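Enquirer: Top to bottom, those sequences are chains B and V. Note that the first sequence ends on residue 286 in our numbering; no numbers are left out. Note that the second sequence ends on residue 491 in our numbering; no numbers are left out.
It is worth saying that the hints were derived from the structure and are not from the lab. Hints may be right or wrong, so weigh each one.
[Unchecked claim] Not everything, but these chain V residues come out facing chain B in the computed CB check (under 10 Å):
#1 32
#2 387
#3 389
#4 390
#5 391
#6 393
#7 433
#8 434
#9 435
#10 451
#11 453
Keep in mind the model is a prediction, meaning the values are calculated, not measured. All residues carry an ideal CB built from backbone N, CA and C; glycine is no exception.
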Amino acid sequence: MVGSSGRPDETPTTGHEWDGITEFNNPLPRWWLWTFYATVLWAVAYWIAMPAWPLVEGYTRGLLGYSQRAVVAGQVADRDAMQARYVERIAAASLEEIAADPELLSFALAGGRSAYAVNCSQCHGSGAEGAVGYPNLNDDDWLWGGSLEAIAYTIRHGVRNESDESRYSEMPAYGRDGFLEPEQIVAVVRYVLSLSAGGDGPVAGEGADIFAEQCSICHGEDGRGSVDLGAPNLTDAIWLFGGDYESVLAQVQNSRGGVMPAWGERLPPETIKQLAIYVHALGGGT
Amino acid sequence: MNAATAQPPTAEVGRIDVDPVNAAARRPSYAKRAKIFPRAVAGRYRTVKWVALAAILGLYYLLPWLRWDRGPNAADQAVLIDFPGRRFYFFFIEIWPQEVYYITGLLILAALTLFLVTSVAGRVWCGYACPQTVWTDLFMWVERCIEGDRNARIRLDRVPWTGRKLVKRAAKHAAWLLIAVGTGGAWVFYFADAPSLAADLARFDAPLVSYLFIGLLTLTTYLLAGHAREQVCTFMCPWPRIQGAMLDEHSMLVTYRWRRGEPRGSHKRGQSWAGRGDCVDCNTCVAVCPMGIDIRDGNQLECINCALCVDACNHVMDRVGRPRGLIAYDTLTGLADPSGEGRAGWRRLRLLRPRTVLYAASIGLVGAVMLATLLTRGDTATTVLRDRNPLFVQLSDGSFRNGYTVKIQNKRHEARRFRILAEGLPGAVLSTVGGDTGDIAVEPDRLRMLRVYVAAPLAATPGPVTDFEIVAADLATGERYAHATTFRRPE
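Chain B with its partners taken away, still in its complex shape:
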């Protein structure tokens, strides 16, 4: 008969008894049992069909020859094939043509963004915000020019590296190499700071004379710098190595200059173009 638990009393027990407590020997539900057998068979089949057992060297490859590396390689190839129609058009188009075509522009911005994150963010920062000695790419001040072409050239050939076409400029270390006396350096630094200070304008005097003699060749007589020479504009608010007195003094004293690799030697031309489009979109100008 049936007990109050709804369980027939004739259910066999396991035969073990612990202080008067016995355990029902209920059979496993059959659906569960068959599922279990199926998983056992599946496991055996899996060992045979798929990579499974590690060996001393390598592993059992399985009859299906599955490999995650091959799958990823296939996915990469699929992606390349999918992007090919854009990449081909970007290879054939000029930078201006890319910027004028909304479809290509959107592709180049996305591609440039990802290439930037991989190759450029280490120095220029993930938001292209730069750091002391590493130019901020978001602002409107460009050492070597902010046009599409100028940015592409800088990326392709780099700055102060060993390639022949590299952008190159070098400021003398006026203090370290003894070109100027300490008092003269202080005077010229005060003059340089006055260029961007506003107010009554630059202060005349010894500093102005030294500037005209030593610095204006590259930075220009008005201190506005030269994109061709890579000489920074000293009249604006942007300072690569800092705009306070100590920073400017240190620069005149010792002269520093960063190095950027020639990315044309490392990245395909289409990627350089996408990078140029992306960087130009950040804050490009002239």
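Start from chain B and add chain V according to the hints.
Expert: Showing chain V alone in chain B's frame:
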């Protein structure tokens, strides 16, 4: 339906040899499922169930074919879940993925309605409207048409495999599969333009996923409605467990009025009814039960309240000349009240109870909130996300610039053009990559994302954080859609 109907009153009713295989007390754990062969029945509730079945199936199969004109730039299907286009169309309502909370609200409403209906009228959903019930009913009808009623089916089940059995079984399963394919077939029409998908399906030219889902739903329909049947309700569905919390002593249930029925026993024609109950123990209520239970055991988890036993018992009561309603919709209070046996259960129904009032009020509240948001929602919106890296950029003239990601949602089915403005930031200069902030074109029923740079002179920013609004103004109508944001610069 084939039960004898033209017998004179006070006829004798024989006892059907049937075991309520799923009665809780008789079903041992871990036993193989005992087949149920429900007998056909006719009556008021059976008719209601047929009508409900026709209405629900009709709705399910025909709804995707209903057209709804939305103009040239949107789908013309009344009900369409457009995954590739990321739109949900429901007659006059169009929902973007951002507005998925309407679906959530709908689900909350559905749950509350289920609670209300259950606390008032018991498991009406289970008995009449649940797809599992509807499709099982349909499959049982097909089974009955091919293999005959209860006794014929039991015989067919017992005989060895002969040609005749083979033919009948094959016909039954073929018909089931056909319905199952139709069920799966109708499902996919909710996710694509029905006429063009139907043509593609016929040419074997439809997307693979369509065939996959048709296959999946064919399989589930065939298995659940054809084979698993009452086991779905008993073992798979959570609702029988939840309903325990929804029912109370005032809920309408399909119940056996034991005060009137007991003591039960077979009744010979002409015998007196004195000193005995009205139940003639004919087991008809058990024989018609699709769940394989005996309603006379009381309210139980397996009972889906389909009321087929009510129809069956009324029929028997007519034949033995006793009043109808020995098995009826009644409340537990009604059942316990010895004075009210003759009254119809619904006369005792108490609609106003704290529980029902609370459920109804919740439905009203959620419904009102949803309706209000639906009616007042805009068809255009601007959202602005400020760049956080870098927070700001100093320009060569000493001023600062912030970057923003601006999204313009145009839910209208027409192309529009906008001007982007910065309000509350005098002298601000706006620019965007690859475009002109004075004329931004947005396609019909689309969202356009822009990078917008705002450069503000120092005079416009009194502190490190300045509140202002980025506004998209429709060039044609002048409508303005603003989003508040901030402009930042260092101290």
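Enquirer: Does each hint fit the structure? Answer for all of them.
Expert: A quick look at each hint next to the structure:
Taken as an interface hint, residue 32/V checks out: its beta carbon lies about 8 Å from the nearest beta carbon of chain B, inside 10 Å. The criterion of a C-beta within 10 Å of any C-beta in chain B is met by residue 387/V, whose closest approach is roughly 7 Å, and the hint holds. Proximity of residue 389/V to chain B holds as hinted, the smallest CB-CB distance being about 3 Å (cut-off 10 Å). Given the 10 Å rule on beta carbons, the hint for residue 390/V holds: about 4 Å separates it from the nearest Cβ of chain B.
With a least beta-carbon distance of about 9 Å to chain B, the hint placing residue 391/V at the interface is held under the 10 Å criterion. Below 10 Å, beta-carbon pairs count as interface contacts, and residue 393/V has one with chain B at about 4 Å; its hint therefore holds. Because the closest C-beta pair between residue 433/V and chain B is about 4 Å apart, less than 10 Å, the hint holds. Taking 10 Å as the C-beta contact cut-off toward chain B, the hint placing residue 434/V at the interface holds, the least distance being around 5 Å.
At its closest, the beta carbon of residue 435/V sits 8 Å from a beta carbon of chain B; the interface hint therefore holds under the 10 Å criterion. At its closest, the beta carbon of residue 451/V sits 7 Å from a beta carbon of chain B; the interface hint therefore holds under the 10 Å criterion. Interface hint at residue 453/V: satisfied, since its Cβ lies 8 Å from the closest Cβ of chain B, which is below the 10 Å cut-off.
Violated hints are absent here; each numbered hint is respected by the structure.
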